[in-house]
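Engineer: Spelled out, the chains give:
There are 6 protein chains.
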Amino acid sequence: MRLNNRPNNEIRPISFELGFLKHHKSSVLMSLGETKVLAVVSSENRVPAHRYEIGGWLSAEYNMMPGATFPRKPRAISKLRNDGRSVEISRLIGRSLRQAVDINAIGPRTLSIDCDVISADAGTRSACITAGYMALVLHVAELLKSNQIKMKTMEDIILRPVAAVSLGVINDQILCDLDYQEDFKADTDCNLVASNNNQIIEFQSTAEQKPLNQNLLVEMLGVGQHAITQLLDLQKKTLLKAGIVLHH
Amino acid sequence: MRLNNRPNNEIRPISFELGFLKHHKSSVLMSLGETKVLAVVSSENRVPAHRYEIGGWLSAEYNMMPGATFPRKPRAISKLRNDGRSVEISRLIGRSLRQAVDINAIGPRTLSIDCDVISADAGTRSACITAGYMALVLHVAELLKSNQIKMKTMEDIILRPVAAVSLGVINDQILCDLDYQEDFKADTDCNLVASNNNQIIEFQSTAEQKPLNQNLLVEMLGVGQHAITQLLDLQKKTLLKAGIVLHH
Amino acid sequence: MRLNNRPNNEIRPISFELGFLKHHKSSVLMSLGETKVLAVVSSENRVPAHRYEIGGWLSAEYNMMPGATFPRKPRAISKLRNDGRSVEISRLIGRSLRQAVDINAIGPRTLSIDCDVISADAGTRSACITAGYMALVLHVAELLKSNQIKMKTMEDIILRPVAAVSLGVINDQILCDLDYQEDFKADTDCNLVASNNNQIIEFQSTAEQKPLNQNLLVEMLGVGQHAITQLLDLQKKTLLKAGIVLHH
Amino acid sequence: MRLNNRPNNEIRPISFELGFLKHHKSSVLMSLGETKVLAVVSSENRVPAHRYEIGGWLSAEYNMMPGATFPRKPRAISKLRNDGRSVEISRLIGRSLRQAVDINAIGPRTLSIDCDVISADAGTRSACITAGYMALVLHVAELLKSNQIKMKTMEDIILRPVAAVSLGVINDQILCDLDYQEDFKADTDCNLVASNNNQIIEFQSTAEQKPLNQNLLVEMLGVGQHAITQLLDLQKKTLLKAGIVLHH
Amino acid sequence: MRLNNRPNNEIRPISFELGFLKHHKSSVLMSLGETKVLAVVSSENRVPAHRYEIGGWLSAEYNMMPGATFPRKPRAISKLRNDGRSVEISRLIGRSLRQAVDINAIGPRTLSIDCDVISADAGTRSACITAGYMALVLHVAELLKSNQIKMKTMEDIILRPVAAVSLGVINDQILCDLDYQEDFKADTDCNLVASNNNQIIEFQSTAEQKPLNQNLLVEMLGVGQHAITQLLDLQKKTLLKAGIVLHH
Amino acid sequence: MRLNNRPNNEIRPISFELGFLKHHKSSVLMSLGETKVLAVVSSENRVPAHRYEIGGWLSAEYNMMPGATFPRKPRAISKLRNDGRSVEISRLIGRSLRQAVDINAIGPRTLSIDCDVISADAGTRSACITAGYMALVLHVAELLKSNQIKMKTMEDIILRPVAAVSLGVINDQILCDLDYQEDFKADTDCNLVASNNNQIIEFQSTAEQKPLNQNLLVEMLGVGQHAITQLLDLQKKTLLKAGIVLHH
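Residue numbers (the numbering used here), protein chains in the order written: chain A, 21 to 268; chain B, 21 to 268; chain C, 21 to 268; chain D, 21 to 268; chain E, 21 to 268; chain F, 21 to 268.
Some clues are possibly wrong.
Which copy? The list can't say, so a pair holds if one copy fits it or any two copies do.
[Claimed, not checked] With a Cα cut of at most 27 Å, we get these calculated DSSO-like pairs of lysine-lysine:
hint: 1; residue 1: Lys230; residue 2: Lys261
hint: 2; residue 1: Lys42; residue 2: Lys99
hint: 3; residue 1: Lys170; residue 2: Lys230
hint: 4; residue 1: Lys170; residue 2: Lys261
hint: 5; residue 1: Lys172; residue 2: Lys99
hint: 6; residue 1: Lys172; residue 2: Lys45
hint: 7; residue 1: Lys230; residue 2: Lys205
hint: 8; residue 1: Lys172; residue 2: Lys230
Calculated from the structure, these hints are not laboratory results.
Assemble the whole structure, with the sequences as input and the hints as a guide.
Structural biologist: So, in C-alpha cells, the structure goes:
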C-alpha cells in the first residue's frame with residue numbers, strides 16, 4: 021500500500037509557484053509531494069564555441085542543497101568537484117529541455133536552467149525537467165515581450181512541451197512517481213521524459229536490484245506516458261492562468 | 021524618502037517559517053523585506069583538530085544561490101573557488117553564532133550552519149545571523165529532546181541570544197536595514213551583531229564612498245542597538261510560539 | 021548504405037586481446053571496427069563508507085585519450101575537472117558491471133574498472149562495458165586462483181554475463197552499432213546493456229534531432245537484444261579459449 | 021605587565037625598509053616588534069569587468085609564509101584553496117587601500133598589493149595596511165615619474181594617508197598593538213583603519229571570549245585614533261626621507 | 021647477469037608502429053622491451069603569450085596510464101593535480117624536442133606532444149623522447165604536404181634528430197637502458213638526450229643510493245653516446261620505410 | 021666582461037643569516053649577489069605511505085614570491101596549480117638534500133624544506149640547495165639537542181655536506197654562477213649538486229640555444245667542482261661560527 025492510499029499509477033500532488041524570485045520572473049518553485057525544487061531560467065549573450073555563428077545554446081545545472089537530504093549533503097565546492105550524480109542529472113535536464121526549444125531561433129544567447137533541490141523526497145530530476153520547462157516558457161515570453169528576440173512567436177521558439185516522470189518496479193509491480201521510501205526498495209529505476217502525442221524524448225531504465233524483462237519495460241513506458249499526459253495538462257493550465265497560451 | 025515611507029531607524033517587515041525542510045526541523049526560512057534566506061543547522065559527530073578532546077565546534081557556510089541576484093550569480097564550483105565575499109561572510113556568521121552557544125558543553129560534535137540566500141535585496145548577512153540563531157536554538161532543543169546531549173538545559177548550551185542588523189550612512193543620515201537601492205548609494209556600510217543588554221558581539225563599519233567620523237559611528241551604534249532589541253524580541257516570541265522558552 | 025555493406029542489424033568486426041598489459045593479466049584490448057578501448061580491472065583492499073562492514077564495491081573510470089579523436093581532446097587535468105560526458109559514462113559502466121558481480125561476496129575490496137578509449141569511432145561506452153565484463157571475469161578468476169577470495173566458485177561471484185551495444189535511428193531506420201559518421205546523423209541515440217535471457221540491465225534512448233515514438237523504441241530494443249546475444253556468445257568463446265568456463 | 025614594560029596604549033617599535041626588492045622599488049619591508057611583513061605594489065594594464073571604461077582598480081593579496089608561524093603553515097596550493105582568514109584579510113587590505121587612492125584617476129590599470137607575512141607575532145593585517153600604503157605611495161610616485169600616468173600630481177591620486185592598528189581588551193583593560201601572547205588571551209579583538217583628522221576607514225570589533233559593552237568600544241576607538249596619529253606621522257617622515265612629500 | 025643475457029651496453033629490442041591511431045597519422049606506438057609508449061603529435065593555431073608575433077611553440081604532456089604499473093596508478097584528475105614526476109618528465113620531453121625543430125619557422129602554431137605510457141618497465145621518458153621525435157617528423161611532413169606550412173623543406177623545420185636513452189650504475193658497472201628490476205637497484209640514475217655527431221641536448225645524472233664520481237660519469241656518457249647512435253639509425257630507417265627522407 | 025669584472029669561474033658574493041625567523045631557528049636567509057632566498061626546515065611526526073615502518077622522509081617546496089621577478093609572478097593558488105618549473109625545482113631540492121641525511125636514522129618524521137625566493141637574479145635553485153643544507157644541519161642540531169632524536173650524533177644523521185652551483189656556456193666560454201643577464205643569453209644551462217671529494221649528487225646540463233659537445237660538458241663539470249669546494253668551505257665556516265662542528 022502506498023502512502024495516503026495512492027494508486028500505483030498516480031503522481032503525487034503538485035503545485036507550481038511562478039515568479040518565485042524577485043530578480044527572475046522566469047523562476048518556478050515546484051512541489052511534488054514532499055519534494056521541492058526551484059527552477060530558474062536566465063540568459064547570457066554568449067554561446068559555447070561549437071555554436072559560434074550557428075545559433076544559441078541551452079544548458080542546465082542541477083544542485084542538491086545541503087539541507088535537502090538527511091544527513092546534510094556537503095557542497096560541491098567543499099570537495100572541489102561536482103558529484104557524478106549531479107553531473108549526470110544536469111546533462112539529462114539540458115538534453116531534455118533542448119528538445120523544447122529551437123536553439124537556432126534564439127540568436128547568439130545561452131539559456132541557463134538552474135535547478136536547485138530544496139527538499140528531496142525522490143523524483144527530483146523529473147521535477148526539475150517539468151518545472152524547468154515552465155520557467156523556460158516564462159523566460160521566452162519575457163525575451164519576446166522585451167524585444168530581446170524579435171519577429172518571432174512563442175511557437176517559433178518553443179517547439180513542444182516537455183515533462184518528466186519517474187517510474188519503478190517493486191515485486192513486479194509498476195509504480196509511478198516513487199517517493200524516497202519506495203525508490204529505496206525498487207528493483208528497477210526508470211525515468212521518462214516525453215512530449216505530447218506520446219513522443220519520447222528520453223527513456224532510461226536502470227536495474228538497481230536485478231535486471232528487468234522486456235514486457236515490464238514496455239508496460240512501464242505505457243504507465244509513464246499516461247502520467248506525462250496529466251503533467252502536460254497541468255503545465256498548460258498553470259501557464260494559461262499566468263496569461264501564456266501555447267498552441268501545441 | 022525610503023520605500024513605503026519607512027522611517028530611517030526602522031527594519032523591514034520580517035517573517036520566519038520554522039521547520040521549512042522535511043529532513044531538518046532546525047531549518048528557518050526568513051524574509052526581511054524582499055530578502056529571503058534559508059538557515060539550516062545540522063550536526064556531525066566529529067570536530068576539527070584544534071578542538072580534539074576539548075569540546076565541540078560550530079561553523080557556517082554562506083552561499084548566494086544563482087537566482088538570488090540579477091544577473092545570475094555563477095556557482096562557486098564553476099570557478100573551483102568560493103568568492104571572497106562569501107568566505108568573509110561565512111566566517112562572520114560562524115564567529116557570531118559561536119557566541120550564542122557554549123561549544124565546550126555540546127560534546128565532540130560540530131554544528132553546521134548552512135545559510136543559503138534564495139533572494140537578495142541587501143541585508144543578507146544580518147538575516148543569516150538572525151535566522152541562524154533561530155535554527156541553532158531549534159537544533160539544540162532537538163539534541164536535548166532526543167538525548168543526544170544529556171543532563172543539560174537549554175540555558176547550559178545557549179549562552180545568549182544573537183541577532184544582527186545592517187546600518188548605513190547616506191548624506192550624513194543614518195539608515196537602519198538598508199535595501200539594495202540604499203546600500204548601493206551608502207557612504208558607509210555597517211553591520212552590528214549583538215545580544216541582549218547591549219552586548220556587542222561584532223561591529224564592523226566600512227567606508228564605501230568616503231571615511232566616517234567618530235560621532236556618526238557612535239550614533240550609528242545606538243541606532244543599531246535599538247533595532248537589535250526589536251529583533252531579539254521578535255525571535256523570542258517566534259520561538260515561544262514553537263514551544264521553546266529561553267530564560268535570557 | 022552502411023560502410024562495407026554492413027546490414028543495419030549487424031555489429032562491426034570485434035577482436036579481444038586478453039592480458040594486453042604486463043602488470044595486469046585482467047586487461048583487455050577490444051577493437052570494435054575502428055574503435056579501440058582498453059579495459060583493466062584491479063582491486064584495492066578498501067571500500068567506500070556506505071559499504072563498510074557490508075561487502076565490496078565496484079566502480080569505473082572512463083577516459084578518452086587525447087589522440088582518440090580529432091581534434092585532440094585536452095586532458096581532464098588541464099581543466100581540473102572531468103568533462104560531464106566522461107562522468108556520465110563512468111557511472112553507466114559502474115552501474116552496469118555491478119550487475120555482473122555479487123559485491124557482497126567479494127569481501128571488503130573495491131574493484132576498479134579502468135576504461136581508456138585509445139581510438140574513438142563511436143560505440144565507445146558499449147565497447148567499454150563489453151570489454152570491462154571480460155576483464156572483470158579475468159580478475160575474479162585471478163582472485164580465486166590466488167586465494168585472495170576463498171571458498172567461492174566463479175559462479176558465486178559472477179552473477180550473470182553483461183554486454184552492451186549502441187543503437188540509433190536515421191530516417192526511421194534502426195541501425196545497430198553505429199560508427200561516428202552514422203552516430204553524427206542519428207535522430208535518436210540509444211544504448212542497451214543486457215544479460216542472457218533478454219534480461220535488461222540498462223536501456224537508454226535519447227532524442228538527438230527529434231523525439232521518438234514508442235513503436236520504434238520497442239523495435240530498437242528487439243534489434244539490440246539480438247546483438248547482445250551475439251556479443252555474449254563471442255565473450256563466452258573468447259573466455260573459453262583463455263581457459264575460463266562460466267556456467268550461465 | 022606588557023613585554024618590555026610597554027604602556028597599554030603604545031605600539032611596538034617600527035622600522036620600514038623601502039625598496040627592499042631588486043625588481044620592485046615600491047616594496048616595503050616593515051617590522052612591527054617581531055612581526056615582519058613585505059608589501060609590494062605592482063600594476064597591470066587591465067581591469068576587472070566591473071571597471072571597464074570607468075577607471076582603474078586596486079586589489080590585495082595577503083599570504084602567510086610557511087615559516088611565519090610555528091608549527092609551519094602549509095601553503096594554500098597544497099589544499100588547492102586559500103584559507104578563509106587570508107581571504108578575509110586580503111579583502112580588508114584591498115578595501116582599506118582603495119580609500120587611499122582615486123581609482124578613477126589612474127587609468128585602466130590594476131594596482132596589486134602583495135602582502136607576505138615573513139614572521140608573525142600578531143598585528144599582521146594592520147602592518148600590511150600600514151606598509152601597503154607606503155608601497156602604494158612609492159608606486160604612484162614611480163608611475164608619475166615615468167609618465168605612465170600623465171598630467172597628475174601625487175595629491176590627485178593619493179587621496180589621503182591610511183594606517184592601521186590592532187586593539188584588544190583583556191580583563192577590561194584596553195591594549196594597543198597586541199603581540200601574539202596578548203592576542204591569544206584577549207576577550208575582544210579589534211582593528212582600526214583610519215586616516216588623518218580621525219577619519220575612520222574601517223573599524224572592526226569582534227568578541228573572542230565574551231561580548232563587549234559600548235563604552236569600552238568607544239574608548240578603544242579613542243586609543244586607536246591616538247596610535248593612528250603616530251603611525252601617520254612615522255609614515256610621513258619615512259617617505260620624506262625617501263624624497264616624497266605629500267601635502268595632506 | 022641481465023635478463024636474456026643482454027650485454028651491459030645494449031638497448032632492449034625496439035619496435036615502432038607508425039600511424040597507430042585512426043585520427044592521427046602522426047602517432048607512434050613504441051615498444052622498448054616490455055615498455056610501451058604512445059606518442060602523438062597534433063597542432064593548434066595559437067601560441068602562448070611569450071611567443072606572440074615571434075613564432076610557434078612546442079610542448080609535451082607525459083602521462084602514465086592507470087594500468088601501466090602495479091599497483092594501479094590513480095589518475096591525475098582524482099587528486100586534482102599532476103604528480104611531480106609527470107610534470108618534470110613533461111618538461112624534459114618538451115625541452116628536448118624543441119631542439120629538434122625550428123619553432124621560429126612553423127608559424128603561429130603550437131605542436132603538442134602527447135606521450136602516454138601504456139605499460140611501464142622503466143625507460144619510459146627516454147622512449148617518449150625517441151618516439152616523440154618520430155611522431156614530430158611525421159607531423160611536420162603532414163603540415164608540409166597539406167600546405168599548412170608553405171615554402172619550406174623538411175630540413176628547414178627539423179633541425180636535427182633527437183633520441184634518448186637511460187643509463188645507470190650498479191656496483192660500479194655501467195648499464196644501458198635499464199629495465200625496472202635494474203632501475204630499482206641502481207646507485208645512479210641517468211638520462212642522455214642527444215643528436216647526431218655526439219651533440220648533447222640534455223644530460224642528467226642523479227644519485228639514487230650514493231653519489232657518483234666524475235670518471236664514472238664521463239664513462240657513462242660514452243656508453244650513452246654509443247646507444248644514441250644506434251637509436252638514431254633505427255629512427256632513420258623506420259622513417260625511410262614510411263617514405264620520409266631527412267638529410268641529417 | 022662580467023659585472024664587476026668577475027672572473028668566469030667565480031661565484032658572486034654570498035652571505036648567510038642563520039635563525040632569520042622568530043619561530044624557526046633552522047631558517048637561513050642567503051644572498052647570492054642580488055638573489056635572495058629563504059630556506060626553512062621544519063619537521064612533522066608523520067611520513068608518506070612508502071616510508072611506513074621504514075624510517076623518515078625529506079621533501080622540499082620551492083616557491084617564487086610574487087615580487088621576486090619583474091613583472092610580478094602570480095601566485096600558484098590563483099591558477100590552482102604550481103607551475104611546472106617550481107615542481108621540477110622542488111623535486112631537485114628534495115632529491116639533493118636526501119643525499120645529505122640518513123633518512124633511516126631520523127625516525128618516523130618528515131623534514132620539510134621550504135625554499136622561498138624573495139628576489140631572483142638567477143641561480144635560485146642552487147642557492148636553495150646550498151642554504152637548505154645549512155638549515156637542515158641547524159634543524160638536526162635542534163632535534164638532537166632537544167632529544168627529539170636520541171642516542172645519535174650529528175654525523176649519524178648528516179651523511180655528507182651538499183652544495184650547488186649553476187654553470188653556463190656563452191660563446192663557448194664557461195661561466196660559473198650566472199646572473200640573470202648572463203643566464204638569458206646562455207647556450208647551455210647547467211646545475212651541479214655535489215659533496216666533498218668531488219662526489220656528484222646531481223648534474224644536469226640542458227641545451228638552451230644549441231646542443232653542447234662532450235668536451236665542454238666535462239670542462240664545465242671541473243669548473244663546477246671547483247666552485248663547490250668553495251661553497252662547502254663557506255658553509256662549514258658559517259656553521260662553525262654558529263657553534264656547529266661537522267667532521268666531514
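Engineer: Evaluate each hint against the coordinates.
Structural biologist: Against the structure, the hints come out as follows:
1. In this homomeric assembly, Lys230 and Lys261 never come within 27 Å of each other (Cα to Cα): the closest approach is 44 Å inside a single copy and 29 Å across copies.
2. With identical chains, the CA atoms of Lys42 and Lys99 are at most 27 Å apart between copies only, with a shortest distance of 25 Å across copies and 31 Å within one.
3. Taking CA atoms no more than 27 Å apart as the test, Lys170 paired with Lys230 passes between copies only; the shortest distance there is 25 Å, against 52 Å inside one copy.
4. Taking the closest pair of Cα atoms, Lys170 and Lys261 come within 27 Å of each other only inside a single copy of the chain (25 Å); across copies the shortest separation is 53 Å, beyond that limit.
5. Within a single copy, Lys172 and Lys99 get their C-alpha atoms no closer than 44 Å, and across copies no closer than 35 Å, so neither meets the 27 Å cut-off.
6. Taking the shortest alpha-carbon separations for Lys172 and Lys45, only the intra-copy value of 20 Å comes in at or below 27 Å, while the best inter-copy value is 47 Å.
7. Proximity of Lys230 and Lys205 under a CA criterion of 27 Å is satisfied intra-copy only: 11 Å inside one chain copy versus 34 Å between copies.
8. With identical chains, the CA atoms of Lys172 and Lys230 are at most 27 Å apart between copies only, with a shortest distance of 21 Å across copies and 49 Å within one.
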